[in-house]
Amino acid sequence: MPGTKIIVGDGPARVSMQRKYSEAVWLGYKFGEELAKLYADSDVFVFASKEAN
Numbered sequence: 024m025p026g027t028k029i030i031v032g033d034g035p036a037r038v039s040m041q042r043k044y045s046e047a048v049w050l051g052y053k054f055g056e057e058l059a060k061l062y063a064d065s066d067v068f069v070f071a072s073k074e075a076n
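The sequence shown maps to residues 24 to 76 in this note's numbering.
Since the hints were derived computationally from the structure, they do not count as laboratory data. Small disclaimer: the values here were computed from a predicted structure and weren't measured. Hints are not guaranteed to be accurate.
Stated by the list, open to error - The calculated lysine to any residue pairs, modelled on SDA-like cross-linking and capped at a C-alpha distance of 25 angstroms, are: (1) 73 with 49; (2) 53 with 75; (3) 53 with 68; (4) 43 with 33; (5) 73 with 55; (6) 60 with 37; (7) 53 with 39; (8) 28 with 66; (9) 28 with 70; (10) 60 with 32.
All chains, please: the whole structure from these sequences, using the hints.
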């Protein structure tokens, strides 16, 4: 998929994922207005989770 991939968040798999997808921009945790701006500026949002509620 063309375009810039921005990853927000952190976790135990970050190091291996960052190695595998080094072309992505890894921002770590973001909160509040900064996170809201990232959502608003994005064309696509993916929420990956092992749990679904």
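Structure-based check of each hint:
{"no.": "1", "hint": "73 with 49", "result": "holds, 20 angstroms"}
{"no.": "2", "hint": "53 with 75", "result": "holds, 22 angstroms"}
{"no.": "3", "hint": "53 with 68", "result": "holds, 15 angstroms"}
{"no.": "4", "hint": "43 with 33", "result": "holds, 15 angstroms"}
{"no.": "5", "hint": "73 with 55", "result": "holds, 24 angstroms"}
{"no.": "6", "hint": "60 with 37", "result": "holds, 22 angstroms"}
{"no.": "7", "hint": "53 with 39", "result": "holds, 20 angstroms"}
{"no.": "8", "hint": "28 with 66", "result": "holds, 10 angstroms"}
{"no.": "9", "hint": "28 with 70", "result": "holds, 13 angstroms"}
{"no.": "10", "hint": "60 with 32", "result": "holds, 15 angstroms"}
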